[in-house]
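So the protein lines, in turn, are chains H and P. Heads up: the first sequence at position 14 corresponds to 14 in my numbering, and the numbers run straight through without jumps. Heads up: the second sequence at position 22 corresponds to 22 in my numbering, and the numbers run straight through without jumps.
Certain hints may be false.
[What the hints assert, rightly or not] In silico SDA-like pairs for lysine to any residue, Cα to Cα no more than 25 Å straight-line:
{"id": "1", "chain 1": "P", "residue 1": "Lys407", "chain 2": "H", "residue 2": "Thr27"}
{"id": "2", "chain 1": "P", "residue 1": "Lys407", "chain 2": "H", "residue 2": "Asp25"}
{"id": "3", "chain 1": "P", "residue 1": "Lys391", "chain 2": "H", "residue 2": "Thr27"}
{"id": "4", "chain 1": "P", "residue 1": "Lys159", "chain 2": "P", "residue 2": "Thr73"}
{"id": "5", "chain 1": "P", "residue 1": "Lys407", "chain 2": "H", "residue 2": "Arg49"}
{"id": "6", "chain 1": "P", "residue 1": "Lys209", "chain 2": "P", "residue 2": "Pro390"}
{"id": "7", "chain 1": "P", "residue 1": "Lys407", "chain 2": "H", "residue 2": "Ala33"}
{"id": "8", "chain 1": "P", "residue 1": "Lys407", "chain 2": "H", "residue 2": "Thr28"}
{"id": "9", "chain 1": "P", "residue 1": "Lys391", "chain 2": "H", "residue 2": "Leu40"}
{"id": "10", "chain 1": "P", "residue 1": "Lys407", "chain 2": "P", "residue 2": "Val106"}
{"id": "11", "chain 1": "P", "residue 1": "Lys272", "chain 2": "P", "residue 2": "Gln261"}
[What the hints assert, rightly or not] If you want the ones that stay clear, here's a sample from chain P, every Cβ over 10 Å from chain H, calculated:
{"id": "12", "residue": "Val102"}
{"id": "13", "residue": "Pro130"}
{"id": "14", "residue": "Leu151"}
{"id": "15", "residue": "Pro274"}
{"id": "16", "residue": "Pro481"}
[Stated by the list, open to error] Far from chain P, by Cβ distances over 10 Å, these chain H residues were calculated:
{"id": "17", "residue": "Thr5"}
{"id": "18", "residue": "Ser11"}
{"id": "19", "residue": "Ile20"}
{"id": "20", "residue": "Ala53"}
In case anyone wonders, no lab produced these hints; they're calculated from the structure. From the three backbone atoms N, C-alpha and C, an ideal C-beta is built for every residue, glycine too.
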Amino acid sequence: MPLITQPHLDSPDDFYEALIDAHRDLTTEASHALNARLVLVLANHVGSRDVLAQALAAARGDASPQACA
Amino acid sequence: MRLNGLADRAGAAIDYQKLVFHYQRSPDQAAPQPVRRPVAIVGAGPVGLALAIDLAQRGIPVVVLDNDNTLSTGSRAICFAKRTLEIFDRLGCGDRMAAKGVSWNVGKVFFRDAQVYAFDLLPEAGHARPAFVNLQQYYVEGFLAERCTQLPLIDVRWKNAVSGVEPHDDHVVLTIDTPDGPYRLAAGHVAACDGSRSSVRRLMGLESKGRTFRDRFLIADVRMKHEGPAERWFWFDPEFHPNQSVLLHRQPDGIWRIDFQLGWDADPEVEKTPEKILPRVKALLAHSAMKDVAFELEWASVYTFSCQRMDSFRHGRVLFAGDSAHGVSPFGARGANSGVQDADNLAWKLAAVLRHGAPDALLDTYAREREFAADENIRNSTRATDFITPKSEVSRLFRDAVLELAKTQPFARSLVNSGRLSTPSTLHGSSLNTPDADAFAGAMVPGAPAADAPVTTRDGRASWLLHELGDGFTVLVAGTPPGALAPIDGRGLPVKVLTVSAEGADLHDTAGLLASRYDLQPGTVYLLRPDQHVCARWRAADADTVAAAIRHALAIA
Numbered sequence: 001m002p003l004i005t006q007p008h009l010d011s012p013d014d015f016y017e018a019l020i021d022a023h024r025d026l027t028t029e030a031s032h033a034l035n036a037r038l039v040l041v042l043a044n045h046v047g048s049r050d051v052l053a054q055a056l057a058a059a060r061g062d063a064s065p066q067a068c069a
Numbered sequence: 001m002r003l004n005g006l007a008d009r010a011g012a013a014i015d016y017q018k019l020v021f022h023y024q025r026s027p028d029q030a031a032p033q034p035v036r037r038p039v040a041i042v043g044a045g046p047v048g049l050a051l052a053i054d055l056a057q058r059g060i061p062v063v064v065l066d067n068d069n070t071l072s073t074g075s076r077a078i079c080f081a082k083r084t085l086e087i088f089d090r091l092g093c094g095d096r097m098a099a100k101g102v103s104w105n106v107g108k109v110f111f112r113d114a115q116v117y118a119f120d121l122l123p124e125a126g127h128a129r130p131a132f133v134n135l136q137q138y139y140v141e142g143f144l145a146e147r148c149t150q151l152p153l154i155d156v157r158w159k160n161a162v163s164g165v166e167p168h169d170d171h172v173v174l175t176i177d178t179p180d181g182p183y184r185l186a187a188g189h190v191a192a193c194d195g196s197r198s199s200v201r202r203l204m205g206l207e208s209k210g211r212t213f214r215d216r217f218l219i220a221d222v223r224m225k226h227e228g229p230a231e232r233w234f235w236f237d238p239e240f241h242p243n244q245s246v247l248l249h250r251q252p253d254g255i256w257r258i259d260f261q262l263g264w265d266a267d268p269e270v271e272k273t274p275e276k277i278l279p280r281v282k283a284l285l286a287h288s289a290m291k292d293v294a295f296e297l298e299w300a301s302v303y304t305f306s307c308q309r310m311d312s313f314r315h316g317r318v319l320f321a322g323d324s325a326h327g328v329s330p331f332g333a334r335g336a337n338s339g340v341q342d343a344d345n346l347a348w349k350l351a352a353v354l355r356h357g358a359p360d361a362l363l364d365t366y367a368r369e370r371e372f373a374a375d376e377n378i379r380n381s382t383r384a385t386d387f388i389t390p391k392s393e394v395s396r397l398f399r400d401a402v403l404e405l406a407k408t409q410p411f412a413r414s415l416v417n418s419g420r421l422s423t424p425s426t427l428h429g430s431s432l433n434t435p436d437a438d439a440f441a442g443a444m445v446p447g448a449p450a451a452d453a454p455v456t457t458r459d460g461r462a463s464w465l466l467h468e469l470g471d472g473f474t475v476l477v478a479g480t481p482p483g484a485l486a487p488i489d490g491r492g493l494p495v496k497v498l499t500v501s502a503e504g505a506d507l508h509d510t511a512g513l514l515a516s517r518y519d520l521q522p523g524t525v526y527l528l529r530p531d532q533h534v535c536a537r538w539r540a541a542d543a544d545t546v547a548a549a550i551r552h553a554l555a556i557a
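So here's chain H without its partners, still in its complex pose (with noise of 0.2 Å):
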């Protein structure tokens, strides 16, 4: 399965205030460790080692990302 890079959100300025909403108050050691928290609940939502893959590559920018060997 191709990861989703085109509009997904059911709302999408809703999901950005959240995500921001969610930071409010923490310091920015716990903030990190929030989104790696998320990182990781979000990475078993999605669940296919492909995907994860391929979103991996998007996030680091890469041209043409692998899927896993």
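Position chain P against the provided structure of chain H, taking the given hints into account.
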């Protein structure tokens, strides 16, 4: 004492750590020319002794050379896996190991003060052996040494230190230092089972390469009266040892293994002293049900480790096995266990080459198969180590995020890695496998170590599948009466045919587990190698088909 003296003392309480074996002059030392021996094994540790027993059981005389004259000092390796016990069964000493060892299947993982994860390594019934026994390495070596005394083809030479290795086309000349001075021996093949600081490897100018981890760990074996559960307990960042990990295991004789992570800056000499160790142990006990239990320190060691291997486990007539060939971290118990599996893989191949004219190429497959297994062990061990000892701030961030989530989110528990415990490699893609032509379900693919199952023999005896397999190849035939398969040519190796689940069959599938684990249907045939790995299977096969797969498994072109 002499090694044979062990046999006379069988049954008595032996302190294996205190045994001293006498150096005995061999007639080979006085020979004007190097005496030729078919196989020399360097190192009388668990790997060398297992290999010696296996070869002797297959009719190959072996000389075992050990630079020392005692067994393991301190408990060292303590976790022996199910597969290793199954190999020890084949070597005639599994019952001793299992009876003395502390069996365990359950592991628990704690983060700070809370349990975040528990695993059961053997959640299903119907296996002769538990997932693991904890047993001090000196017992394992002692029981193997005792088994050696029953095999006259084994000649163990203590205080024989290899100081020269001279490879030739059809043999290897070893120079061996003894209390009587050096002598030379011409070995047809040499198995270097001489540990992580292998002299054979060094003398041949070879290296084991990989990653060394910048971390130090303290092992403290303490003796105390406490009836805790036989489980593996692992703490990340506990209050009693902040920012580091701690591992607790129960061993026989009321001895507990505690492994404290210390960090790279710890001074190994200072940390080894009782003044430093005792408060650490007391702090652990104070945070547990073992509070106020009296204990004494039995053995301690501070160690570092590397995940590494040699590029090739075979160099002509020298074969490397165990820690000489590969090294891993202790988390996962993949050191001694994989070494014994190396011996298991090598012994039948070497015997087939020496006694039955199998091609030399069969020995290349030892190297390829066990290099593959070593890579799997190193990968698992490296991943566990990266989790236990995060190498960067962000690695630590994710590690702690996993542990935090694991308290409430079931998915995160599968990411918690305190060591993925040793399981045998399935030799996918081995050149000795005959690839499947028919459809099968389940795990018993070509290359897989045969799964055990309870069986009843034709004469009504309760047994286990693995106990009934032959010394050579074994052919399992399901749902077909005995005699339906014509005699099979094993190229000199014995071929044992076991019929299952038919009128008058050799084995009755007591609990139906054989059928489910092997996906048996009437007519299904499995071919198992002498080391109990599946190498071919069919929905229907005649004797010629099976014989062709046997030739393939012997690397006969």
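Evaluation of the provided hints:
Of the supplied pair hints, the one linking Lys407/P and Thr27/H holds, its CA atoms being roughly 22 Å apart against a limit of 25 Å. Taking the CA atoms of Lys407/P and Asp25/H, the gap is about 24 Å. The hint holds against a cut of 25 Å. Taking the CA atoms of Lys391/P and Thr27/H, the gap is about 23 Å. The hint holds against a cut of 25 Å. As the CA atoms of Lys159/P and Thr73/P are separated by approximately 16 Å, the hinted pair is consistent with the 25 Å bound.
As the CA atoms of Lys407/P and Arg49/H are separated by approximately 24 Å, the hinted pair is consistent with the 25 Å bound. Between Lys209/P and Pro390/P the CA atoms are separated by roughly 21 Å; this keeps the pair inside 25 Å, and the hint holds. Annotation: proposed proximity of Lys407/P to Ala33/H holds, straight-line Cα distance about 15 Å (limit 25 Å). At most 25 Å may separate the alpha-carbon atoms for a hinted pair to count; Lys407/P and Thr28/H meet this at roughly 23 Å.
A threshold of 25 Å between alpha carbons decides the hint, and for Lys391/P with Leu40/H the separation of about 19 Å falls inside it, so the pair holds. A C-alpha spacing of about 18 Å is found between Lys407/P and Val106/P, which places the hinted pair at or below 25 Å, so the restraint holds. For the hint pairing Lys272/P with Gln261/P, the CA-to-CA distance comes to about 13 Å; that is within 25 Å, so the pair holds. The beta carbon of Val102/P sits about 35 Å from the closest Cβ of chain H, which is more than 10 Å, so the claim that it is off the interface holds.
Every C-beta of chain H lies more than 10 Å from that of Pro130/P, the closest at about 32 Å, which supports listing it as non-interface. Listed as outside the interface, Leu151/P is consistent with that label: its C-beta sits roughly 45 Å from the nearest C-beta of chain H, beyond the 10 Å cut-off. The Cβ of Pro274/P sits about 38 Å from the closest Cβ of chain H, beyond the 10 Å cut-off, so the non-interface label holds. A cut-off of 10 Å between C-beta atoms confirms that Pro481/P is not in contact with chain H; the least separation is 47 Å.
Every beta carbon of chain P lies more than 10 Å from that of Thr5/H, the smallest distance being close to 24 Å; the non-interface claim holds. Chain P leaves Ser11/H outside its interface by the beta-carbon criterion, the shortest separation being 25 Å against a cut-off of 10 Å. Non-interface call for Ile20/H relative to chain P: holds, since the shortest CB-CB distance, roughly 19 Å, exceeds 10 Å. Ala53/H, annotated as away from the interface, keeps every beta carbon of chain P farther than 10 Å; the closest lies near 17 Å.
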